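Asker: Sequence:
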Amino acid sequence: MLFFKIKTMFLLSLIFVTIHECIHYIVGRLLSFKNLNMQVMPFGAVLNIRDLDTATAMEEYLITVAGPMSNIILCTIFIVLYKINKLPLFYDMALCNWTLGFINIIPAFPLDGGRILRILLNKRYVYKHACEIALNVSIMVGMLLSFMYFYAYYRGKVSLSLSVGSIAIFIIYGAIKEKERIQYIIMSDLMKKRTGFIKKGYMETRVIAIHYKKSLLSTLNLIDKSKYNVFYVLNDELCVLDIVFEGDVLETLKEKGDLTFEEYINL
Numbered sequence: 000m001l002f003f004k005i006k007t008m009f010l011l012s013l014i015f016v017t018i019h020e021c022i023h024y025i026v027g028r029l030l031s032f033k034n035l036n037m038q039v040m041p042f043g044a045v046l047n048i049r050d051l052d053t054a055t056a057m058e059e060y061l062i063t064v065a066g067p068m069s070n071i072i073l074c075t076i077f078i079v080l081y082k083i084n085k086l087p088l089f090y091d092m093a094l095c096n097w098t099l100g101f102i103n104i105i106p107a108f109p110l111d112g113g114r115i116l117r118i119l120l121n122k123r124y125v126y127k128h129a130c131e132i133a134l135n136v137s138i139m140v141g142m143l144l145s146f147m148y149f150y151a152y153y154r155g156k157v158s159l160s161l162s163v164g165s166i167a168i169f170i171i172y173g174a175i176k177e178k179e180r181i182q183y184i185i186m187s188d189l190m191k192k193r194t195g196f197i198k199k200g201y202m203e204t205r206v207i208a209i210h211y212k213k214s215l216l217s218t219l220n221l222i223d224k225s226k227y228n229v230f231y232v233l234n235d236e237l238c239v240l241d242i243v244f245e246g247d248v249l250e251t252l253k254e255k256g257d258l259t260f261e262e263y264i265n266l
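Heads up: the sequence shown begins at 0 in numbering that gives the first Met the number 0, then just goes up one per residue.
No lab work stands behind these hints: they were computed from the structure.
Heads up, a few of these hints could be off.
[Unchecked claim] Straight-line alpha carbon distances no greater than 30 Å define the calculated DSSO-like cross-link-like pairs of lysine-lysine that follow:
1. LYS122 <-> LYS176
2. LYS127 <-> LYS255
3. LYS226 <-> LYS122
4. LYS82 <-> LYS127
5. LYS213 <-> LYS255
6. LYS85 <-> LYS127
7. LYS226 <-> LYS33
8. LYS178 <-> LYS33
9. LYS226 <-> LYS212
10. LYS198 <-> LYS33
11. LYS213 <-> LYS178
12. LYS178 <-> LYS198
Here the structure is a predicted model, which is why all the values come from computation and not from measurement.
The task is simple: from the sequences and hints, build the whole structure.
Answerer: This is the structure:
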C-alpha cells in the first residue's frame, strides 16, 4: 500500500511538473519567445529560453511566475473537488500541486523563486549585482536544506530526508551552473542586446557619470542589460570630458584590452 502511494505521488509529480513547465512555455510563446527548450525533472524542471536575456523585467516576471501560479490554481481546484466528493486522488493532486508550488517559490536558482528574487533585486541593483546576490542566497538556501537533510536523517525520518536532500542537491547544482553563467553574462548581454533592440524596435537609455580614472572593464558591472548605457566621463571638477557609449567600451576591450577612460580619450 505504501509503495503504491509513493508510486502514485511520483507519477503525479511528473505530470504536474510537465504542466508547470508547459505553462512557462505557453506564456513564453505568447510573449513571442521562440527559442524554447524544456528539461523536465521530478523537483523543479527548467525551461531554457535562449533569448530570455533580451526580455524586459516584466516579460521575464510573467514567464517565471506563471508556473507557480498554475500550481496554486490547480491546488485550489482539486481542494474544491475533494471537498465535494472526498475522492483521495483529488487530495493527492492538491497536495502535489501545493508541494510543487511551494518548492518552486523557494528563492534559489534554478527554481522560479530564484529568478523572481533576481528580478526584484534588479529593480534596485544592476543586473550582474542582482544575479550575484540571488546566487549567494541560493547557496545559503542549499546549505540550509543540506543541514535539514542530515538532521532529518539523524532523527530517523528517511523519506523526509531523501526529499529534502534531493532538493538541496538540485539547488546547489543549479547555483553552481548559474555562477558559471554569471561570469560571462555581461559580455554576452551586450551582444544579445542588439537582437532585442531589433525585435522590439526601441530601447530605454541609461546615463551614468563616471570618473576619468576608472577602467573600461569596471563599467561592465554598471551596465544594465535591458537598457542602452551611455557614460559621461567627468574629471575632478565634474566637467564632462567625453561621452562614451557601451558599444565603444566593448569594442575597445576586445581590440585593446582594459584601459582607463583617460587613456581611451587620449587614443
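Asker: So, for every hint listed, does it hold in this structure?
Answerer: Here is how each hint holds up against the structure:
1. LYS122 <-> LYS176: holds, 24 Å
2. LYS127 <-> LYS255: With Cα atoms ~24 Å apart, LYS127 and LYS255 stay inside 30 Å; holds.
3. LYS226 <-> LYS122: OK: LYS226 and LYS122 at ~13 Å, within 30 Å.
4. LYS82 <-> LYS127: violated, 47 Å
5. LYS213 <-> LYS255: Given pair LYS213, LYS255 holds - Cα atoms ~16 Å apart, limit 30 Å.
6. LYS85 <-> LYS127: At roughly 50 Å apart (the allowed maximum being 30 Å), LYS127 and LYS85 break the hint.
7. LYS226 <-> LYS33: holds, 22 Å
8. LYS178 <-> LYS33: Given pair LYS178, LYS33 holds - Cα atoms ~25 Å apart, limit 30 Å.
9. LYS226 <-> LYS212: holds, 24 Å
10. LYS198 <-> LYS33: holds, 12 Å
11. LYS213 <-> LYS178: holds, 26 Å
12. LYS178 <-> LYS198: At roughly 28 Å apart (the allowed maximum being 30 Å), LYS198 and LYS178 satisfy the hint.
The structure does not agree with the numbered hints 4, 6 stated previously, though it agrees with the rest.
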